[in-house]
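The lines below spell out each chain.
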Amino acid sequence: MTTEGVGRTSADAGVPRRRARTKRAAPTRSVLLFTGPALLWFVAFLILPLIAIFWLSTQSWDGILDTPHYIGLHNFRKLVGDTEFHAAVKNTAIQLAVELAIIIPAGFCFGYFLSLRRRGWGALTTIFFIPILISASARAVIFTGVFTSSGLLNGLLTKLGLISLTQPWLANSHTALYTVVAVDLWAAVGFNAVMTAGRLSGVSTELREAALIDGASQWQTMWRVYWPLVLPFTGVLVILHFLWVLIQSSQNVLLLTQGGPGHSSVTLGYLLYNKAFVTSALGYSQAIGVVLFGVGAIGVAVIFRLTKSRE
Amino acid sequence: MVHSRKILSQPRRVALGIAIAALVLAGCSSSKSAASSSTSSAAASTTSSGASSAAAAPSSASGGGASSPAAPASSAGGGGAITSPVTLNILSPWSGTSPFAKPLSEVAAAFQAANPNVTVKINPVAVAQVAPVFESTTLAGDPADIIITNPIQDALKWVEQGATVPVSQYMTDWGLEGDLLPGAQADPSWKTDDGQFRGFPFQSFIWPTWYDKTALASVGVTTAPATADQQTALNTALKAKGSKPLYTVGGLDWSGENTFFQIVQTDVSDPDMLKASQTGNWGDYPGVLKGIQYFVSMRDAGMYSGASKGQTVDQMTADFYAQHAAGATLVSDFFAAAPASLQSNVILSGIPVPAGFVHTKPVVMAGYNSYGFMISKKASTNSAKLAAIEAFMKYIYQPAEVGKFVTEAAMPPALKATEDAATTNPMLLQVTSQAWLDSVDIVTPTEIPANVASNLTTVLAQAWVPGTSAQTILKSMEDAYKQ
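Top to bottom, those sequences are chains A and B.
Residues in the first sequence are numbered from 1 upward in steps of one, following my numbering.
Residues in the second sequence are numbered from 1 upward in steps of one, following my numbering.
Fair warning: there could be bad hints in the mix.
Simulated pairs of lysine-lysine, DSSO-like, Cα-Cα distance not exceeding 27 Å [what the hints assert, rightly or not]:
1) Lys90/A <-> Lys244/B
2) Lys290/B <-> Lys361/B
3) Lys275/B <-> Lys159/A
4) Lys290/B <-> Lys78/A
Chain B residues, not near chain A, derived (Cβ > 10 Å throughout) [to be verified]:
5) Gly306
6) Lys309
7) Asn451
8) Val465
9) Pro466
Derived coverage of chain A by chain B (criterion: at least 3 residues anywhere in the stretch with Cβ under 8 Å from a Cβ of chain B; other residues may be distant) [claimed, not checked]:
10) 127 to 138
11) 165 to 175
12) 222 to 232
In case anyone wonders, no lab produced these hints; they're calculated from the structure.
C-beta atoms are modelled at their ideal positions from N, C-alpha and C, and glycine is treated no differently.
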């Protein structure tokens, strides 16, 4: 063994440690390098606007040319006494309850049917998916034609001799909100079915065959075998629809009923839009935004927990 | 490196992230502060009464700094003073099929021909988009030079916010003030608190109730109802025939709101209505509650179509044009837009009046707070732009040019010289005849503060919903002023 060898041995004792550190360091630096821009983007366009919503909710800001003034929690106190806000909370709760109660089970049933790949399933999948491809404006034009006083629905009812049931669906306080719900359902059930069918395609068909051999009906197989299997996935769909109804479906309210008659179809999402862009009450609108954020966050957490606990 | 990496532990990395976020936030905040202070100073300069407003006028602009409005190139000249190319950007609510779009384009083209150095660019947007577009472009530093708008809602704040300039001095220096009808000169909506004009009034309006002759004839009626009893009889006859409702209205928006106010005004004098609408103390004027009760009685008697409470003005006009209702209370802006076959088949009148009310003849609202021209603050600081604006305003105020709007768009003008401009529009001819004017009571429009207007529109949408009592409506109207 030479001195050099000894020296090398001595040196070798330290080199691997440095190399080990370098090996640990390299991924961290590269991770930072590659994720840094995305993180900055995330902070600039997601975190800061979120902070801004909370900040703006404490401001009196009547129009973008006005100077905002700090008013503490006044906007939130005002929400408590605002009858339009109360109507929006009630309508949003109804919308959520009705839509989720229909979309999720109906979507699952149709999705299960598609997953059986019976004759014509391809065409049916396409038909189910078409509503998603239609823009909100085009959808509103179609359904205004359906629900207006002289529209398709009343025409059909008249043909069937049910004239007493005809009414201005979009302008009736008792039906306006449900026309919005109907349009949401029209678009969402098919989408949900296609998504569920996609998930079910990954489940072994042997399960179904085994269940059927054991004497289970298709209905029992669907609900007792497949439903528990896809429940976590369904939880994700519930979260997506929950957030969509809460925040995005206001476009249908705007295009179909504008919250009317009176406040009968005002929802939280639409009220936020209306206060921000129609009545120029920007600070107040952001107080509604904070409420929506809170409801959304709590709702997602609850749904996630319920789904997870059954996983 | 290794050492420093160790120092940058998890909590410190989080702290660094927060610090970066705070820096970005501070950057945004400081730029916002700058914008805010700029807005504030602009607002201060225009709200400190006459002295600063005079500073915005051409005659006193000589000592102005960079942000001071410039003097026009020639107060006497008009087009001849413009020696270098300049583009005049006009934000217009007259888009698409609006009958006002064509005469505006014609006037702009003729003005360009007379002023080769000026290029007029018209940016037509939907009526509801005028304020958002102007405000957002003002924030972006690129507003239109001239904004065609009526002095309502957000537009009532623009002078105070420093987005537009008061034009009284321009009006005087350019020799245009004398062209206005007395009503337009006195209209409070066009004035700031210190009496300055917010813009150049151009159009007046009248808001009659239209009756479809065919619908009336179907139940043997040939004249418009003048009293509440006649109206009830007509409603009963139409219902008995099972054909169509008496009225249609856009209960969700301004068309329903103004119909509502006209009904309320049947038992309220003009001064009382003005005070009530300015202060929000509606309950202080007994006639207001009686007027609302009259409205509720009309609504609950089924005089309005079932769709009325949930539709907008566009759906309302479509409903009426398609002859799905016998009547509608519609502003004169629609005189030229109505189908030609309907224009000559309509009897114009007002809201029928119950016995014992303040007004004895059908009530019709008319006023001058309709479309006019406002000048952006930015344009006022550019002498070339201001010269072009001066030339344009002098040009469009000429009787022949205003006459194009009267002839083609059936516009009731706010200007003296064109009162007798030729029109073939049967409805404009009706409302300008002395016999017709003698048959109705003209009432003045409400003066609703800018910060209340939208709230009031929202709460009044509820008034059209059956079951909403007169007391509830009154309370909502008062609450709208407290929000």
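How the hints compare with the structure:
no., hint, in the structure
1, Lys90/A <-> Lys244/B, "violated, 35 Å"
2, Lys290/B <-> Lys361/B, "holds, 17 Å"
3, Lys275/B <-> Lys159/A, "violated, 53 Å"
4, Lys290/B <-> Lys78/A, "violated, 30 Å"
5, Gly306, "violated, 5 Å"
6, Lys309, "violated, 4 Å"
7, Asn451, "violated, 6 Å"
8, Val465, "violated, 4 Å"
9, Pro466, "violated, 8 Å"
10, 127 to 138, "violated (count 0)"
11, 165 to 175, "holds (count 6)"
12, 222 to 232, "violated (count 0)"
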